[in-house]
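Participant: Sequence:
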Amino acid sequence: MPEILRLDSDAIGCKEPLVARYLTMLADCRALTIDAIKSMRFDLLYWRRNDFDSNISDLLYHIAFVEADWLFVDVREESIPLALSEHLSYTDRDNQGRLIHIGTEELEASLNRLGRVRTALNETFSAMTLAEFRRLRKSERREVSPEWVLHHLLQHEAEHRGQINLLKRLGTESRPKA
Numbered sequence: 003m004p005e006i007l008r009l010d011s012d013a014i015g016c017k018e019p020l021v022a023r024y025l026t027m028l029a030d031c032r033a034l035t036i037d038a039i040k041s042m043r044f045d046l047l048y049w050r051r052n053d054f055d056s057n058i059s060d061l062l063y064h065i066a067f068v069e070a071d072w073l074f075v076d077v078r079e080e081s082i083p084l085a086l087s088e089h090l091s092y093t094d095r096d097n098q099g100r101l102i103h104i105g106t107e108e109l110e111a112s113l114n115r116l117g118r119v120r121t122a123l124n125e126t127f128s129a130m131t132l133a134e135f136r137r138l139r140k141s142e143r144r145e146v147s148p149e150w151v152l153h154h155l156l157q158h159e160a161e162h163r164g165q166i167n168l169l170k171r172l173g174t175e176s177r178p179k180a
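Numbering of the sequence shown is given in the numbering used here, commencing with residue 3 and proceeding in unit increments.
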């Protein structure tokens, strides 16, 4: 019998049950993203219809970059630490506002980057009280609570997973199988 994933607040341990529930939802969202890419042909990771479109590798980078930015800049109110920023060596957008094209890298590098950022996020959020989870942070860019940040990250990754699945399908239909 296959292992059953628990989707309640006990699945990820932390101080506050509501935070645990959000972190569990994030874990489920990430598992679905990983499932979408885990057995993908190598060439599909970099396939794009034209020079202006993003590829799946670019989207994975963008997901990690945005998660790190929201976590450190908005929630923790600090710079992304060097240990993570060396894995995020590009901005996420070019001069025209399009997602940056990062070139080719092994899928394992993308997965490692996503994992490092998520570990930092889980460590930060799992220690929060409910009051801290709902406390507004103000920056030059916005005013936001950590609770809203997790909502946004769930939606952000799910939207990009849809793009990833579309790119897989379009790339498979337009290229001969290896």
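Don't read these hints as lab results, they were simulated from the structure.
Keep in mind it's a predicted model, so treat the numbers as computed, not measured.
Accuracy of the hints is not assured; some may be wrong.
[Stated by the list, open to error] Computed Cβ-Cβ distance ranges for the label pairs, DEER-style:
#1 Glu108 to Gln157: 25 to 33 Å
#2 Leu132 to Ile102: 31 to 39 Å
#3 Ser91 to Phe44: 37 to 45 Å
#4 Leu84 to Ala133: 25 to 33 Å
#5 Ser176 to Thr106: 14 to 22 Å
#6 Ala133 to Phe44: 24 to 32 Å
#7 Glu79 to Arg50: 13 to 21 Å
#8 Ser128 to Gln157: 20 to 28 Å
#9 Glu79 to Asp45: 18 to 26 Å
#10 Ala133 to Asp53: 33 to 41 Å
#11 Ser41 to Glu134: 16 to 24 Å
#12 Phe44 to Gly164: 18 to 26 Å
#13 Asp53 to Ser128: 12 to 20 Å
Every residue, glycine too, gets a C-beta built ideally from N, C-alpha and C.
Participant: State for each hint whether it applies.
Facilitator: Results for each hint:
no., hint, in the structure
1, Glu108 to Gln157: 25 to 33 Å, "28 Å, holds"
2, Leu132 to Ile102: 31 to 39 Å, "37 Å, holds"
3, Ser91 to Phe44: 37 to 45 Å, "22 Å, violated"
4, Leu84 to Ala133: 25 to 33 Å, "30 Å, holds"
5, Ser176 to Thr106: 14 to 22 Å, "18 Å, holds"
6, Ala133 to Phe44: 24 to 32 Å, "47 Å, violated"
7, Glu79 to Arg50: 13 to 21 Å, "36 Å, violated"
8, Ser128 to Gln157: 20 to 28 Å, "21 Å, holds"
9, Glu79 to Asp45: 18 to 26 Å, "41 Å, violated"
10, Ala133 to Asp53: 33 to 41 Å, "48 Å, violated"
11, Ser41 to Glu134: 16 to 24 Å, "39 Å, violated"
12, Phe44 to Gly164: 18 to 26 Å, "22 Å, holds"
13, Asp53 to Ser128: 12 to 20 Å, "42 Å, violated"
Of the numbered hints listed earlier, those contradicted by the structure are 3, 6, 7, 9, 10, 11 and 13.
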